[in-house]
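Peer 1: Single-letter residue listing:
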Amino acid sequence: MQNVLSILFCLSLFYLSVTSRVKAYVTILRFQGLLLTVLLVFPFIHHFSIFALILPATLFIVKVIVIPRYINKIILDLDIKRVIEPTIQPFTFLLLVIFSMVVVFVASNILSKSADIETIPFASGFTAIVVGIFVIIFRKKLIIHVAGFLVLENGIFLFGTAVASELPMMIELGTLLDIFVVVFLMGIAINKISSTLAGFDVTVLGRLKD
Amino acid sequence: MFEFSILIFIPLLSAVVCYFITNIRLQFSVTLFVSALHLIFSLMIFIGWYQPELPFYFSTDSLSKLFLPVLSNVYFWVVLVSFSYLKKQTTANSEEGKKYYFLLLNFYLFANTAAILSNHFGMYWVAVEGTTLSVAPLIYYYRNEEALEAMWKYLFLVSIGIAFAFIGILFLTLSANGTLLEGKQLFFPEFVKHASELNPVWLKASFIFIFVGLSTKIGIAPMHSADVDATSNSPSPIAALMSGSLRVTALLGVMRIFQIVQPTSTYQFAKTILIIGGLLSLFVAFVFMFKVNNYKRMLAYSSIEHLGIITLGIGIGGLAFVGAMYHVIYNSLNKIVLFFTAGNIHRKYKTREVEGVSSVLNILPWSGWLIMISFLSISAIPPFGIFFSELMIFEGILFSNKPWILAVTMFLLLFIFINMGKTLFQMLYKKNEGEIILIKKERFEIIHFATIVLLMLLIAIAVISPNILHDNIVNISKDFGIKL
Amino acid sequence: MDLLFYALTIQIFSIIAIAILQDNRKASIAAHLLLITGLILGFAVSFSTLVFSNLSSQSFSAFGIPNELFRFDALGLFFLCIVQLVAIPTTIYSYSYLKHYLDEGKSIRSNLVFYAILLISTQMVVIANHAVLFLVCWEMMSTSAYLGMVFEKEKREVQKGAFYYLVISHVVVFLLYIFFFLLHHQTNSWLFSDFHISPESGNLFIALYILSLIAFGMKAGFMPFHFWLPRAHPIAPTVFSAFLSGIIIKSGIYGILRTFQFLNPTPEWLGWLVLVVSMISAIFGVWYALAQHDIKKLLAYHSVENIGIIGIGIGIGFIGSAYQSIPIQMLGFGGALLHTLNHAIFKSLLFIGSGVIYKNLGTRNIELMGGIVHRGKYFVMLFLIGSIAISGIPPFNGFISEFIIYNGFFTTAKELKNYYPLLMLISAVGLAFVGGLAVACFTKINSIMFLGSERKEVKHFHVSIYEYLSLGIFALLCVVIGFYPQPFIGIVNKVLNHGFVPGNSASELLKINWFFISLIFMTVLSGVLLFYFWKSIVQKKYGSRVSAAWGCGYGGLTPRMQYTASSYADELNEISQTVLVYHKKMKVPEGVFPIEGAFESHSDDLVDSKILLPIFRNISSLICRINFLSYTDIRYYIAFILIIISIYSLIAFLWN
Amino acid sequence: MELISLLKGIISLLVILILSPLFVGLVNKLKAIFTGRIGAPLLQPYYDLKRLFRKETINSTNSSFISVVSPVINLVTVVVAAAMLPIGFARPIISFEGDIILFAYMLGLARFFQILAAMDIGSSFEGMGAAREATFAVFAEPIFFFTIGSIAFINGLTSIYDIYHSIRLDNVSYLVFIIVCSISVFFLAITECSRMPVDDPNTHLELTMIHEVMILDNSGIDLFLYQYSSYLKLFIYAILETSFFYPFGVRSYTVGVVIFVVVITILSIALSISETITSRFKMKNIPQYLLFATAIGILNLLIYTFTK
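Protein chains in written order, with our numbering: chain B, 79 to 288; chain U, 68 to 551; chain F, 3 to 658; chain C, 53 to 360.
Chain B on its own, in the form it takes in the complex (with noise of 0.2 Å):
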């Protein structure tokens, strides 16, 4: 089960670096919210608490509801264009991608040897944190950096299930209120930057050198 959601994680993950919509991202973090979300609530199917479900709701809602909504107001508000600007051709992009999700693969089988992790769910996590890396390294805009930086969140996630240790849930609750607070400050800086700035790209911040 876990592994399915993994690919399906996976999956989102091509898809992310095939399209060139701004919109889509915002969809493609909802669904990764919601996978990673039914992944924390499956093993609650046995052994039923309310306790046990804080977190997954938290989850849920800052990770399928705030956080998307969120994106979507900034897009809305500073009508960002629609169209993501990449700075490589899409073909490329994918080809990197699954390069870098072969070597992940690869390795990660290689280094299961050593200590036992669920192969799938691990490397999809390190997959998307590197995918995540790559967006925002190969696109222009802000929005879509905090995008791939979300993706990269994620990413950590799902990896952080696959090697199988449960952090306290108070430091899950931090992590996620922190991820939060971070992406609120983004969109604020993102705000400004527009209004200051005049433009939501990476290239407006050129100033600061030696």
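No wet-lab data here; the hints were simulated from the structure.
Careful: at least some of the hints might be erroneous.
[What the hints assert, rightly or not] No more than 25 Å apart at the CA atoms, straight line, and that leaves these computed lysine-lysine pairs for DSS-like:
no.: 1; chain 1: U; residue 1: Lys-165; chain 2: B; residue 2: Lys-270
no.: 2; chain 1: C; residue 1: Lys-336; chain 2: F; residue 2: Lys-587
no.: 3; chain 1: B; residue 1: Lys-287; chain 2: U; residue 2: Lys-358
no.: 4; chain 1: F; residue 1: Lys-543; chain 2: U; residue 2: Lys-489
no.: 5; chain 1: C; residue 1: Lys-107; chain 2: F; residue 2: Lys-542
no.: 6; chain 1: U; residue 1: Lys-489; chain 2: F; residue 2: Lys-162
no.: 7; chain 1: F; residue 1: Lys-586; chain 2: C; residue 2: Lys-336
no.: 8; chain 1: B; residue 1: Lys-287; chain 2: U; residue 2: Lys-166
no.: 9; chain 1: F; residue 1: Lys-157; chain 2: U; residue 2: Lys-415
no.: 10; chain 1: U; residue 1: Lys-358; chain 2: F; residue 2: Lys-162
no.: 11; chain 1: B; residue 1: Lys-191; chain 2: U; residue 2: Lys-489
no.: 12; chain 1: C; residue 1: Lys-336; chain 2: F; residue 2: Lys-589
no.: 13; chain 1: F; residue 1: Lys-108; chain 2: U; residue 2: Lys-497
no.: 14; chain 1: U; residue 1: Lys-498; chain 2: F; residue 2: Lys-361
no.: 15; chain 1: U; residue 1: Lys-498; chain 2: F; residue 2: Lys-157
no.: 16; chain 1: F; residue 1: Lys-543; chain 2: C; residue 2: Lys-334
no.: 17; chain 1: F; residue 1: Lys-155; chain 2: U; residue 2: Lys-498
no.: 18; chain 1: F; residue 1: Lys-157; chain 2: U; residue 2: Lys-497
no.: 19; chain 1: U; residue 1: Lys-417; chain 2: B; residue 2: Lys-270
no.: 20; chain 1: U; residue 1: Lys-489; chain 2: U; residue 2: Lys-417
no.: 21; chain 1: F; residue 1: Lys-28; chain 2: U; residue 2: Lys-415
no.: 22; chain 1: U; residue 1: Lys-497; chain 2: F; residue 2: Lys-155
no.: 23; chain 1: F; residue 1: Lys-586; chain 2: C; residue 2: Lys-334
no.: 24; chain 1: C; residue 1: Lys-102; chain 2: F; residue 2: Lys-542
no.: 25; chain 1: U; residue 1: Lys-498; chain 2: F; residue 2: Lys-108
no.: 26; chain 1: F; residue 1: Lys-162; chain 2: U; residue 2: Lys-497
no.: 27; chain 1: F; residue 1: Lys-361; chain 2: U; residue 2: Lys-489
no.: 28; chain 1: U; residue 1: Lys-489; chain 2: F; residue 2: Lys-157
no.: 29; chain 1: B; residue 1: Lys-270; chain 2: U; residue 2: Lys-166
no.: 30; chain 1: B; residue 1: Lys-287; chain 2: U; residue 2: Lys-415
no.: 31; chain 1: F; residue 1: Lys-155; chain 2: U; residue 2: Lys-415
[To be verified] Taking CB as the label site, the calculated pair distances span:
no.: 32; chain 1: C; residue 1: Lys-102; chain 2: F; residue 2: Lys-419; range: 46 to 56 Å
no.: 33; chain 1: C; residue 1: Phe-86; chain 2: F; residue 2: Glu-602; range: 40 to 50 Å
no.: 34; chain 1: U; residue 1: Glu-500; chain 2: F; residue 2: Ser-55; range: 39 to 49 Å
no.: 35; chain 1: F; residue 1: Glu-602; chain 2: U; residue 2: Glu-420; range: 31 to 41 Å
no.: 36; chain 1: F; residue 1: Gln-24; chain 2: C; residue 2: Thr-113; range: 50 to 60 Å
no.: 37; chain 1: F; residue 1: Gln-188; chain 2: U; residue 2: Glu-420; range: 43 to 53 Å
[Unchecked claim] Among chain F residues calculated to face chain C with C-beta under 7 Å, some are:
no.: 38; residue: Ile-395
no.: 39; residue: Val-540
no.: 40; residue: Ser-546
All figures in this text were calculated on a predicted structure; none of them were measured in a lab.
Where a beta carbon is used, it is the ideal one built from N, C-alpha and C, also for glycine.
Chain B is already provided as a structure; the job is to place chains U, F and C on it using the hints.
Peer 2: Just chains U, F and C now, kept in the frame of chain B:
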């Protein structure tokens, strides 16, 4: 529980208070009170007048005992000068910045204290992220384009770095698989206890990720850029806060994982990585000192350099490690002085470009002489503390198994000194033609008082060298398995 | 020894006095008084200890201060005496110097504070016994000297030269770090009194010596490390350049002698190395000096020369210690020590004199001076005494120390037969050559600056009583040591006997017939006076008058027709053109109605202008071409994270 | 015994003081004869001195106390230097370990003041002379050390008296060595006393002179002192030269004196001949000339050191 509330809850509380009261002066007094309280308590804990028993996820050991006073000292002075600074430093749209200034400071204190006192990787991670979040708006105090850009870069890059650190932490849990620690919590003490059983492959990976991730906050090259931007564009007290305490807090995390790595087979590897990082930072500082034309950036690079020296010292180990611990203290003190005085100059000349500044010694005698003296002290000239700590570090390097590093370090430091001196002295001495120097007294302000006290402290600690400090540092090096 | 620390404390009080007293003049008076009292007291204590007490015990306990921090052995006390002796008149001069600036309404507090710190730290340097304390005092000395140097900080060349000096002292201290680390590591102690390493330790021994020679030699200004002197001395305020040249460069000598105490016996080649380097420094130092027109720069190069002469003595001493020959060591080191004292005296005299001239004429270019003798006769006499002394000409103190060094040559030749006479002879010839050049140089500056008629109209020439006092004290010392050297020789002998030249019995220094020499000098003096009276009587009888000089029948001689400094030195400079980087610019008047012609000669420092600066320029241009790190786009930053992580992982993968 | 040797010393000093003008006169006379003139009488120098003594002293308007004391210092130092020279194996008055250094430096003192006095006039003629004097002195010093000094270093003797005392005839290489030494001393003498071909004592072209031009503006008693000390100087170098040629091993004072007289005459003949047949060098070439003399000394020394 009492001291816990003093150290962690009261800052949070006062942050809330600051949210509700609008009067800046009142906010200031509350914050100052809190900071003084914090300073007293951390000193008492450091001196060991009583052992605080802290709740879950928190505890004190020799390392945090050392780092806590560093934090609260820096914080205290920053708060002390902040009020006069805010009064003077009014740009067109820094009003709302003022509104949240003290709130964020308090929140920063809360988060940073939590980070230092936490004995759990997860808690540490959350707290460090918290410091980032509290500092980022403070960087944006001036509400101008540079500040905005700096804030964005800092926030974004550091968040990603922190994310990587989180991956590192996860790797650490992985490395614990199949040992007693499996399924246990990520407490440092347990890990330190059973370190030898950890799986080396994952341990290596986790060290790499945590080190690189936190480097974005420490400012280890090549992840230093955002740090430099942030330090050079934030208001001076915040810059002092960042290079004085924030970087050190991030360094704490690296030292924690280093402490875990120490008894294992990964130790040598970790040392090598640290040495590479330190040398890279030195090199970066060396390169940019040649072309820097903005004195606040210059100071930022200088703190890159000194964090690099500290990392190098930790990586070398032995006497260099002890030197590095001393260096942490002295560097934080010295950085405050430098940034405060630089702030004065900025306030007078309204520019950060070196070209725009001239004959400071005549126009601002106090600040001019103070910045000159603090420059001399940062470039390891006695009787200031840095001299002694660098002495230790150098000797440690010379008698480690890689003495050639000393040659490289000295070469880089020499050129850093030359270029920094050239830039600074040009500012201090240069007299534009046709400019009439009228020797007028600069008013003696709280900020000068603070800097003078700090310089005195810098000398006093070095000359008196209190036993408590020395013993504490010896304990730390014991924890790190260093035989002296 | 407590008294000595009281003396130091009194000097420290001067700083406080400056801090608390509001009125500049009061502050300056109080500070100078305190400094001078402290110095006199200190000198009295150290001198009496050096002379009267038997210095058998290595270290005295001073109140409170534990023994190992300070140490009052013979060598330290000797240098302490030199420092204080020179510091007293310099401080007296400093008062009138600063008074001059006070009248202009310039703030002198900072300068005074740094001067006080400089004095105190320099005195501490020579008595420090703990290596770290030594380093601390050493750095404070260099740094306060720097801070004092930038007194006239608005001037570009002041900033440059002073900073140059600061950088050099930074390099020196880096080298000293390594030097002391190695010693510490070897002897497992920080105390000078415990440092001793025998040549058996092979490479370490050599490495230590090389380090110490480079570091201390750089401070002392041996060639090729002399380049900072001619830059730092001219721009410093006179008080500081006098102290710099009189004392601070001697701290390098002190260091080298200490090193010898730590590490002996020396291998012979080391002695030769030192000897050759010093010979080069002496010859080319004075030759460079000959090519200068800036009086202070010229004197700076003369410091290089004299350091060279001291170094020759040390080299002889090293050779002696290689052969375990006591007489050679006595003469070599004795000559070095005495010349250190002498040079401290007359170089300070000359620098202060140049300061007086600068104050009155407002220029340091000797081509614009002349005829000062008609303004200040006694001043010129004092300066002349210094010049004769520094040229090593009898009957003043310069001759005495050079005489000892010559005797060192003779003794070395006598003691160690085979090819030594030849080598020693060549060295002696070198020293004689230096003497000749020095005569040429000092006749040049004395005659051009003082004699003849005024090339540039001198408004007023006033020498204050304080200036006369300090100059007078120095001149008196020159004369006394020249005419009656025995006691000083005795002191030097004592210094050498105590913990320097091991196991010495009958001293070669005292064997020299000093009595006879001073007798001869007396005869010369009395003879001169006698003949002078006789001559004046004769002149009364046959009359004497004043008339214009002979100009081939051309009456209208003007000051500009006098011989110039550059033409005076031209023939000698031509000979070593390449080393001196000596170039002339000449505009010959041509045509039927010639417009005015022009001529100027100029000499750059070889090491400075041809080696160091190009290297530095190349490095900086190279570095400024590096810009792979200075991207402004955040995406590169993130890419860096990815790259560095993969690199580290690669390292981890390839590990062992 | 002590007293007698002291007496001998005083006598020899007196001899030097008295005979020095005569030597100059002798040289000039011989020169005149060689050039086919009758020439001035033998005692002409004495007459000159007498005349100058009577003249009125004239100082330049620019001159200062330097030019007042300089002639005196000049004379006194030269006399003291003269007092270190042995004549016919009488121990000179001043003789101690290392007096060879003092000898050289005493002459240095004389030169120092001579140059200053020349510059004191403030005319460029004297300037030229002074500059040349200084320049050539720099190269003359080494010659002195390479000749007499070399003997000192080889025998480990540092007193002029002992040095000459130690001269032996026993082995040939040493003899050769001594002879060549004497040759380069001859060069030295020519330079120091500014004779041909370095300088022309009786030219009257200001631009070409060295010593003469330095005292161009002096007169009366000053000139008297200068002249007398220059005569002394020439004679001193002559003695340095002749002392090489003592019949080695003879230790009798009278014989020594006799031979001294003989050798002095021979030397004066040699000097006058050389002055007759050579002509002045260009100023530029004089350093080469001096270096040549030095080279002889070095070569000689090398040969001697490595043939033993």
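Peer 1: Please list, smallest to largest, the hint numbers that this structure does not respect.
Peer 2: Violated hints (numbers, rising): 4, 8, 11, 16, 21, 27 and 34; every other hint is consistent with the structure.
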